[in-house]
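**Student:** Numbers 546 to 1011, taken from this note's numbering, label the letters of the sequence shown in order.
These aren't lab readings, by the way, just hints derived from the structure by calculation.
Fair warning: this is a prediction, and the values are worked out from it, not measured in the lab.
Built from N, CA and C at the ideal position, the CB exists for glycine as well.
What you were told as hints is all true, and nothing was included just to trick you.
Label pairs and their computed distance ranges (CB to CB):
| hint | residue 1 | residue 2 | range |
| --- | --- | --- | --- |
| 1 | 655 | 768 | 41 to 47 Å |
| 2 | 956 | 776 | 38 to 44 Å |
| 3 | 712 | 655 | 42 to 48 Å |
| 4 | 645 | 703 | 23 to 29 Å |
| 5 | 645 | 776 | 36 to 42 Å |
| 6 | 720 | 977 | 18 to 24 Å |
| 7 | 981 | 754 | 41 to 47 Å |
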Amino acid sequence: MTISVFELFRVGIGPSSSHTVGPMRAARSFAQRVADHDLRAEVGRVRVHLYGSLGATGVGHGTISAVVMGLVGAEPRTVDPDDIPPTMARLASGRLPLFGVGDVAFDLEHDLVLHPDTTLPGHPNGMQFEAFDANDTLLIVHRSYSVGGGFVVDEADLDAPLDTATVPVPHPFRSGQELLERCAAEDASISALQYANERALHPQADVRADLLAIWHAMRACIERGCRGEGELPGGLGVQRRAAALHRRLQTQHVDPLTAMDWVNLAALAVNEENAAGGRVVTAPTNGAAGIVPAVLYYYERFVPGSDDDGIANFLLTAAAIGALFKMNASISGAEVGCQGEVGSACAMAAGGLAQVMGGSPEQVENAAEIALEHNLGLTCDPIGGLVQVPCIERNAMAAIKAINAARLALHGDGSHLVPLDQAIATMRDTGRDMHEKYKETARGGLAVTFRGGPAAVPVAVSYVEC
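Can you build the whole structure from these sequences, using the hints too?
**Tutor:** What follows is the structure, given as structure tokens:
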């Protein structure tokens, strides 16, 4: 089984890969399905149901507008965030230009229904799409699940492996132990094995260029975040801080911990952009999108000898580690809590940094394990259902943790007590045991103990309490 680096790192928009990117992809796929069933002439209305975590925090996570944009044909990779407000405003007419079909009836208040207390059997992030004819007869119904990182699975494919490889690859792996064994057999690094797999999946000439394009998109996000000012949307009154910190760092006295300030800056900048609904790179989720870019920023700015080859190797290594989480546990906050988002991103960044700083495969695996071990049990309890508090600062904290994990591993010889595979299994089991209110529902932890401001601004949609 192989998951490509270009599946784990994808350009999209904020604020959430599972609640924004995934639903947009699912909605567009449903519209395409209606067109493929040759129902264009018959469809008179569509309705969407959002269940579980999507129903509970969909308003604050941008799910409503994401679904609408997907229905009209937008894709996360190319959608212009500035097109979203006018598209939503046009719904006041009660009509929606369904992608590939044409104008159909769609009343946002009645045809987009939230079910925060009902979870579909496949996953906490469940969606049901329905199309009706002019006489309100149901023509087609389809269920999809947004399983984290922008991945979408149809109900019929829930038990199928999440394998994005369409052709055999030279070095398939399902566990960290198997990955280390293949590295030993080939006398190769983790990045070299992942690169060989990518060359089997994609045109060889494109792989390196596309890896660097990912970094350029990440860096552009950092730069935009360093320019953004003012209050983030959603009603909490959270002020953007990256721009002011950037100005301060350009003039302040350099001290031994200045590098930490720049790492914090990069992480804050990315996640403020994400919270504002801007363009980010899922890495491996949007809620944790600032960690890998911040550590890569540290590598480029502060590690002697950093170059494009190192950036590519960093991303390849991080992707190999991320695939282990995706195959053997989860990167979905709705499924296992924030340990699945920030924990996996922290491990990916730590492993990537250890690789480009000269680490052996064993040291890379150790770095990833250290980073994950100290994120186990991390809950997902966003205040107001927004990807702002504690999410933005949490990315900065995890980026620093990833750097420290890599440095700790590099001071050792790669031998350690707990294998990465066991840490990932522990994360999976901890997520299963975690109470639902701590898994992206905004019904536990800080989300309920905080009393300092309003919840997310309401949107005119239907709620069904069950």
